[in-house]
Amino acid sequence: MGMTMTQKILAAHAGLESIKAGELIMVNLDLVLGNDITAPVAIKEFKKAGASTVFDKDKIALVPDHFTPNKDIKAAEQCKCVRNFANEMNITNYFEVGQMGIEHCLLPEKGLVLPGDAVIGADSHTCTYGALGAFSTGIGSTDMAAGMMTGKTWFKVPSALQFVIVGKPQKWVSGKDVILHIIGMIGVDGALYKSMEFTGPGLKNLSIDDRLCMANMAIEAGAKNGIFEVDDITLAYVKDKAKREFKIYKADADAQYDKVFDINLSLIRPTVAFPHLPDNTRTIDEVGDIKIDQVVIGSCTNGRIEDLRMAASILKDKQVAKGVRTIIFPGTQTIYLQAMREGLLEIFVLAGAVVSTPTCGPCLGGHMGILAEGERAVSTTNRNFVGRMGHPGSEVYLASPAVAAASAITGRIQNPETL
Amino acid sequence: MDAKGRVFKYGNNVDTDVIIPARYLNVSEASELAAHCMEDIDLEFVNKVKKGDIMVASFNFGCGSSREHAPIALKKSGISVIIARTFARIFYRNAINIGLPIMECDEAIDGIDDGDIVEVDFSTGVINNVTKGTTYQAEPFPEFIKGIINGGGLLNYIKNN
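So the sequence lines, in the order shown, correspond to chains E and Z.
With my numbering, the residue at position 289 of the first sequence is 289, and numbering never jumps.
With my numbering, the residue at position 43 of the second sequence is 43, and numbering never jumps.
These aren't lab readings, by the way, just hints derived from the structure by calculation.
Every residue gets a Cβ at the ideal spot worked out from N, C-alpha and C, and that includes glycine.
Just so you know, not all the hints are guaranteed correct.
[To be verified] Incomplete in silico selection of chain Z near chain E, CB under 10 angstroms:
hint, residue
1, ALA22
2, ASN47
3, LYS48
4, PHE59
5, ARG89
[What the hints assert, rightly or not] Derived SDA-like pairs (lysine to any residue); straight-line CA-CA distance at most 20 angstroms:
hint, chain 1, residue 1, chain 2, residue 2
6, Z, LYS159, E, TRP154
7, Z, LYS159, Z, GLU139
8, E, LYS48, Z, ASN161
9, E, LYS74, Z, ILE145
10, Z, LYS9, Z, ARG85
11, Z, LYS146, E, LYS247
12, E, LYS247, E, GLU229
13, Z, LYS76, Z, GLY152
14, E, LYS152, Z, ILE145
15, E, LYS59, E, GLU88
16, E, LYS44, Z, GLU139
17, E, LYS44, Z, TYR24
18, Z, LYS9, E, LYS318
19, E, LYS74, Z, ALA30
20, Z, LYS4, Z, GLU119
21, E, LYS156, Z, GLU139
22, E, LYS318, E, GLY343
[Said to hold, decoys possible] Okay, the calculated bits of chain E under chain Z, using three or more residues with CB under 8 angstroms as the criterion:
hint, stretch
23, 184-197
24, 282-289
25, 360-369
26, 375-389
With the sequences and hints as input, model every part of the structure.
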């Protein structure tokens, strides 16, 4: 029986000819990732297990990005724990403030994840790297500890949902709208335990930044991983970044899927997820009049250069509405520099927005833009759960950079087409 | 019986942000995390929960962030087992890895109400609702999962075996 893209990568990393959904397998890992919240717990477990060395100092990435630059003393202690461990184990890929970025923006940019890789990360949005045709998935701190010790982890082989993409998106529609549309259609547990595999002729109309955003939110449908077929766009992206060999895996023609969905990009409207679940979606035409207090543009979902360009194209020579705090987070130092060189940061500041250093910041209610009771934000982040960005009585509306930037100008959830 | 206690019942999609809000993740000590467990949807939980109590929920329990702090907070707060229709996959792994028992059982969710006294036998998978005098059958744990739970988590289990 044929295998899916995910199954082929897992089989190769398990040293098996063929595997099928439901099988338990042990997989060799190309990279194990952790951050300032999850790594300290993993390091504690690693030491508790009596381990003294990591399996490969080049195949572990430690990125303190959530509460950095250190937001308080306790956060500083957690970062110190990660830094000390990185020094002790001589970890190659430890990224300090100044070099760092939001982990899922940073690792692809550094060429640390490549097509065909098998990656685990103690962060649920590790599924982002599926955009490059890798198998990557989020795990917890204990699995991270075991991964750092052995370079292996176990998986139950997932079945898959296939999304066949056709068409070309409308002007203000980007990857965020596509994935919100899909999550709205299948639900927050619509892909539970499964892979989401993206293929079809419409992929040529989705940039790498669109794909990274879409794969990033596979977890919001409960998926184990999201993965895109590798094409010329992927290869052009990794060409200058890859410092090692990589392999491209394609699904077999007779691969089995639990369900196949046809997605026509040209029919997707700008889409917003209302509180308090990412599947609570409405098209921009159905949102009504929602007044907002804050706009956040950035995160591992939408903190990349195309996202900033889209926001800047809307904010250029405009002013954000009085009283709307507009906070923009470039995903990495490289993206920040690029945005500076292109004049985007100047556009943001002149419009009355603030530009932050790369950090996960307000996305998870950490720092740099917390909401008070009753406040509402339009955010390009990935979750709108109760209390996600601050007070449990606040609200987060998930949207694309275009909708977020347009909303900043009018102070209401705004269709960029009618601005 | 391996677990016996009062039931705290919640609905669908109980996410890890409400189990332990990220604003408390600047620490990783279990007791500090447990002090804020569930507070964004149930302020009374930490005051009411007693050692051995049982959490019951519906679909997709533990969705969202991969934070292992969520099962750690629940376990430390005294929860002895979580019974749900389905679990989000990262939470499922994390709970077993730290030695917090979890079970999937539709009929238990249908039959159990908040506040019921329930007991669970992990070897047989039998869930007994003492309050209502009814029983429900879940899948018993396989041996290696029992070993991880009894051994106090995956890494202890690896170390001792």
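Right, here's what the structure says about each hint:
no., hint, verdict
1, ALA22, "holds, 4 angstroms"
2, ASN47, "violated, 17 angstroms"
3, LYS48, "violated, 18 angstroms"
4, PHE59, "holds, 6 angstroms"
5, ARG89, "holds, 5 angstroms"
6, Z/LYS159 <-> E/TRP154, "holds, 17 angstroms"
7, Z/LYS159 <-> Z/GLU139, "violated, 27 angstroms"
8, E/LYS48 <-> Z/ASN161, "holds, 14 angstroms"
9, E/LYS74 <-> Z/ILE145, "violated, 34 angstroms"
10, Z/LYS9 <-> Z/ARG85, "holds, 12 angstroms"
11, Z/LYS146 <-> E/LYS247, "violated, 39 angstroms"
12, E/LYS247 <-> E/GLU229, "holds, 12 angstroms"
13, Z/LYS76 <-> Z/GLY152, "holds, 12 angstroms"
14, E/LYS152 <-> Z/ILE145, "holds, 19 angstroms"
15, E/LYS59 <-> E/GLU88, "holds, 15 angstroms"
16, E/LYS44 <-> Z/GLU139, "violated, 32 angstroms"
17, E/LYS44 <-> Z/TYR24, "holds, 18 angstroms"
18, Z/LYS9 <-> E/LYS318, "violated, 50 angstroms"
19, E/LYS74 <-> Z/ALA30, "holds, 15 angstroms"
20, Z/LYS4 <-> Z/GLU119, "holds, 4 angstroms"
21, E/LYS156 <-> Z/GLU139, "holds, 18 angstroms"
22, E/LYS318 <-> E/GLY343, "holds, 15 angstroms"
23, 184-197, "holds (count 4)"
24, 282-289, "violated (count 0)"
25, 360-369, "holds (count 3)"
26, 375-389, "holds (count 5)"
Hint check: violations occur at hints 2, 3, 7, 9, 11, 16, 18 and 24; the rest are consistent with the structure.
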